[in-house]
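**Student:** Sequence:
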Amino acid sequence: MRMGSPRRPIDVAGRGRAGLRPGLAALGAAVGLLAGVPAVAGDYATREVGAWTVAASRDGKGCFLTREYDRAGRTTLLLGLEVDGTNHLTVLNANWSIKPKDRLELTFRLAKASFPKHFAVGMASGGKQGFVTDFGAKFPAHFAASPTLQIFRGDVPVERLSLDGSGAAVAELRRCVAGQRDKPAGAAREKEPSNGIPIDPFSSGGGRKGKN
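Mapping of the sequence shown onto this note's numbering: residues 1 to 212, in sequence order.
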């Protein structure tokens with residue numbers, strides 16, 4: 001039997017994750033994180049780690065790191081990590097024509113991992129358009145160890161982003177998440193209102209109501 005030439009092995013963990021279809025859950029999380037960049041959640045204050053910003057999410061369920069690149073459209077890169085171990089990656093650029101909820105297949109390449117034909121969903125935030133997706137549990141480690149992140153749409157290059165300093169930024173991200181995970185239950189909750197209107201009427205549980 002004729003055998004094909006051997007190929008260099010790559011980590012394709014993301015290929016399986018593509019079937020999870022991050023969709024609206026990851027989209028909502030990413031929008032919330034981007035909106036909360038200047039915020040302080042709980043006892044964790046926003047910190048600068050080299051070119052990266054590390055902050056806790058307002059809902060107390062995770063943290064994120066972000067970086068803006070000085071180029072056409074000022075690309076924004078955001079990696080969020082939740083206390084349950086899930087993650088999501090967001091990339092935005094003011095020049096892109098992606099529409100919210102567009103369904104995309106993109107290839108992501110790091111130094112020691114490749115994620116071909118990986119599903120992403122379109123989104124918009126802060127005057128920029130882009131996409132959000134999620135990966136397997138090893139992605140933050142691959143991200144931390146890679147000097148660059150390359151993104152392709154088929155044969156078309158989408159972005160080539162420097163990840164200099166990402167090792168220290170991801171280490172700080174994990175410390176932030178550990179602090180969120182160790183907080184007592186309810187520590188991040190806001191004070192209940194007294195007018196009977198839920199804090200978040202759009203939450204899955206209908207929101208928490210205050211007393212009349």
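Treat the hints loosely; a few may be bogus.
In silico lysine-lysine, DSS-like type, Cα no more than 25 Å apart, as pairs [to be verified]:
1. LYS99 / LYS117
2. LYS61 / LYS112
3. LYS183 / LYS99
4. LYS117 / LYS61
5. LYS101 / LYS112
6. LYS117 / LYS138
These are computed hints drawn from the structure, not numbers from a lab.
**Student:** Indicate, hint by hint, whether the structure satisfies it.
**Tutor:** Hint check results:
no., hint, result
1, LYS99 / LYS117, "holds (19 Å)"
2, LYS61 / LYS112, "violated (29 Å)"
3, LYS183 / LYS99, "violated (37 Å)"
4, LYS117 / LYS61, "violated (29 Å)"
5, LYS101 / LYS112, "violated (30 Å)"
6, LYS117 / LYS138, "holds (18 Å)"
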